[in-house]
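Colleague: Numbering (our numbering), first residue to last: 8 to 298.
Since the hints were made in silico from the structure, they are not lab data.
It is possible that some hints are incorrect.
[Said to hold, decoys possible] With a Cα cut of at most 25 Å, we get these calculated DMTMM-like pairs of lysine to aspartate or glutamate:
| # | residue 1 | residue 2 |
| --- | --- | --- |
| 1 | K21 | E36 |
| 2 | K53 | E39 |
| 3 | K189 | E171 |
| 4 | K37 | D56 |
| 5 | K189 | D168 |
| 6 | K177 | D218 |
| 7 | K22 | D56 |
| 8 | K167 | E191 |
Keep in mind that this is a model prediction, so the values were computed, not measured.
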Amino acid sequence: MALQSAATLYANLKKNEHGVYAASANPGEKAEFFYGGCRGSTLIFKDTDGEAEEYLISGIFEVDRRDCYLAPDGLFDPNNLLRQAFCDVKLTCRLRPVRRDPDFAFTIQDWPQMTKNLNKIESMAPLENGEDRKNVLHLVQGMEMDNGFIKIIHPLFERKDENEKNDIDKTTKNWPVQDRCKNERDNLLKSHVVVPIPVYDVSGCPIEPQDYMSKIPGAIVQVHFTVQHCFIKKDKKQTIFSAYIREMNIVRPAMAPPSSPMKKHRLTTGPVTMHTSDASPSSPTKRTKRV
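Using the sequences and the hints, build the whole thing.
Modeller: Printed below as a string of structure tokens:
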């Protein structure tokens, strides 16, 4: 499959039928929050007949290699101090404007408008005075206008219906995890099913879970996500807004890590940087033959 140009991808974003481009003029015009009781609410299309439909927000971003927790087990540790259960694991990554490819410079130009739009959408949800608030957009103080990132979330497991508890899902049973998580995974076979990330490569083929960490970090992606918010009542009330992945399409693969001419150099042939003549031990024509 031929790669679509950045201009074509940008134009298609603005014609999104399932939601809105994150930097469009009126992002919340056709949206409202659907209140789901104690579990919070989800952004949906406004004034729809029949079943409520999620309202998707779309954009093109670069997946930040930092704080990327997309390993198929979420790097879960059964002995974690927070006593988090494996069924509650969420895979997460950061989305930033694209800086490595000038064809996608529009992502930097649109970033200020995108941040305003996300704040405006969150303001549509009712908030109480004195609540702590965690936003979808995380700003980094002291940086340029295109600072910050969007934290994207994907819950790894989904609870089964009562009539499905005797059925063992093969995908869940064979889901690749570290040895320390295998018992945790097996204990969930009757109660939960694994939910793979809906992520596709440049050819439109699903990316296998064992390839999440090698193919997604550093890639340029088109992401469609929804916004949810929930209330947490502890010592101090909190409102948390979260962006959940609904689809991720890689439009440009991640760049290969940098290579070093010294990486394959043998220690016994002497230093590379101390020789300048053609007769040096590191010269291709004079290098000691490997055994």
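Colleague: Does each hint hold? Answer for all of them.
Modeller: Results for each hint:
Our distance criterion of 25 Å between C-alpha atoms is met by K21 and E36, whose separation comes to about 15 Å. A threshold of 25 Å between alpha carbons decides the hint, and for K53 with E39 the separation of about 6 Å falls inside it, so the pair holds. Under the criterion of a C-alpha separation no larger than 25 Å, the hint pairing K189 with E171 is consistent with the structure, at around 22 Å. Simply put, K37 and D56 have alpha-carbon atoms about 13 Å apart, close enough for the 25 Å limit, and the pair holds.
Distance hint between K189 and D168 is fulfilled; the C-alpha atoms sit about 23 Å from each other, no more than 25 Å. As the CA atoms of K177 and D218 are separated by approximately 19 Å, the hinted pair is consistent with the 25 Å bound. Using a Cα cut-off of 25 Å, the hinted pair K22 and D56 holds, with the two alpha carbons roughly 22 Å apart. The suggested pairing of K167 with E191 holds, with an alpha-carbon distance near 16 Å, which does not exceed 25 Å.
The structure agrees with every numbered hint stated previously.
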